[in-house]
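Trainee: Sequence:
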Amino acid sequence: MAVPPLRVGIISAAWGARAHLPAWRSLDGIEVTAICTSRPETAAKAASDFGIARAFHDFRKMATDPEIDIVDCGTRPPLRFAMVMAALGAGKHVYNGIPFAKNLADARTMVDAWHKAGTVAVVDAFMQAVPAMVQMKAMTDAGWLGELFGADIAFEVPLFSAAQTNVPGYVWFADPANGASAGRNLGSHMLHLLVHFFGPVAAVAADQSLALKEWPLDGETIRPAVPDRASMLLRHASGLPTRLEANWCKIGGDGFRFSVWGSKGRLEARAPVFPMAHDTRLFGTRDAALGSAAMDAIPIEPEHLAMPGCRAIADRPETGLFALASIFAQMRDAIHGRGKAAPDFAQALHVHEVVEAAVLASDERRWIDV
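Okay, so the sequence shown: first residue is 1 according to the UniProt record's numbering, each after it adds one.
Quick caveat, the hints were computed from the structure, so don't treat them as lab data.
For every residue, glycine included, the Cβ atom is placed at its ideal position computed from N, Cα and C.
Nothing false has been slipped in among the hints.
Quick list of in silico lysine-lysine cross-link-like pairs, BS3-like style, CA-CA up to 27 Å: (1) Lys61 x Lys45; (2) Lys116 x Lys340; (3) Lys137 x Lys340; (4) Lys61 x Lys116; (5) Lys137 x Lys264.
Computed Cβ-Cβ distance ranges for the label pairs, DEER-style: (6) Glu364 x Pro200: 20 to 30 Å; (7) Thr64 x Arg108: 16 to 26 Å; (8) Arg60 x Ala2: 25 to 35 Å; (9) Glu67 x Arg365: 45 to 55 Å; (10) Asp369 x Arg311: 42 to 52 Å; (11) Arg316 x Gly51: 12 to 22 Å; (12) Asp363 x Ala2: 54 to 64 Å; (13) Pro302 x Ser263: 23 to 33 Å; (14) Ala162 x Ser38: 26 to 36 Å; (15) Arg311 x Asp207: 36 to 46 Å; (16) Ser263 x Arg39: 57 to 67 Å; (17) Gly51 x Val273: 26 to 36 Å; (18) Glu67 x Gly150: 45 to 55 Å; (19) Thr64 x Arg311: 26 to 36 Å.
Please put together the full structure from these sequences, using the hints given.
Mentor: In structure tokens form, the structure reads like this:
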């Protein structure tokens with residue numbers, strides 16, 4: 001007997017429609033049936049523009065609609081909380097953005113609601129599904145590096161500079177009421193990757209500060225009130241030390257890089273900005289000679305460039321397409337009782353606990369247990 005498709009309702013005609021919609025539509029067994037914005041006219045236009053059957057302007061009605069199985073919650077953290085709670089309260093499966101929440105209380109409340117609902121709940125930390133990262137983890141787990149000694153991860157880009165704002169749609173990052181900062185936004189994505197690779201974090205030391213005091217935007221001046229850089233030293237429960245750097249105002253920043261080393265060698269994933277399937281490259285070396293450890297390009301194995309029941313193509317440049325589709329595919333399969341969806345709300349809560357511990361560590365200038 002054929003299994004009916006899972007019906008998805010997307011909240012957001014911006015990131016949700018631009019990035020999530022094509023990823024959902026690349027999957028077998030999925031049908032995007034509804035979209036929600038804050039006003040009737042924008043909802044109707046989004047439904048028409050993207051060829052979606054139903055338009056909502058009240059997320060509560062979408063959440064309780066019996067013809068929707070999965071609610072994909074876009075927008076910024078303070079708005080998403082009520083959306084997630086409404087969806088979980090109605091027994092829906094939920095896809096939630098990053099940062100997970102605006103504060104730890106909201107994070108814990110959402111996780112409690114998830115446990116009560118007993119549904120599948122996943123977060124938008126899709127770096128771990130980028131093929132280069134999938135292969136990097138497989139090689140690490142298989143012992144290519146030998147005994148693990150440590151890891152560095154950095155995401156340093158000029159989203160904002162004194163000359164221009166390169167991402168005008170993200171000026172909400174400036175307001176602490178939105179639960180934003182370099183450590184919370186860029187940092188959360190990297191922390192998910194570190195936890196995925198190396199397990200939970202036991203303690204953190206950190207330094208966070210605001211360097212660029214003004215962002216120009218269309219003749220106006222945005223004055224941010226959150227840290228635009230964060231440095232974290234992490235001690236995982238396994239004892240492994242790792243280090244994280246997040247900076248969204250670094251002119252000439254190297255983009256993203258993730259380096260892991262051990263007794264036999266080093267692996268490094270690199271991307272020009274946010275890691276995507278089409279532009280993240282993997283490098284490695286086992287040369288122990290001083291000054292001669294060239295990092296050689298490592299081809300990605302074909303098995304990491306495809307997902308069952310997914311038509312997304314890994315080398316297509318659409319924003320996050322293949323990695324997002326991979327996360328969605330795991331979610332689809334978990335709903336049908338096949339495998340486990342990841343990164344789930346349990347991982348998201350732990351990452352948020354690390355984020356909050358890092359804020360305290362920076363304020364108090366000491367190590368904080370997570």
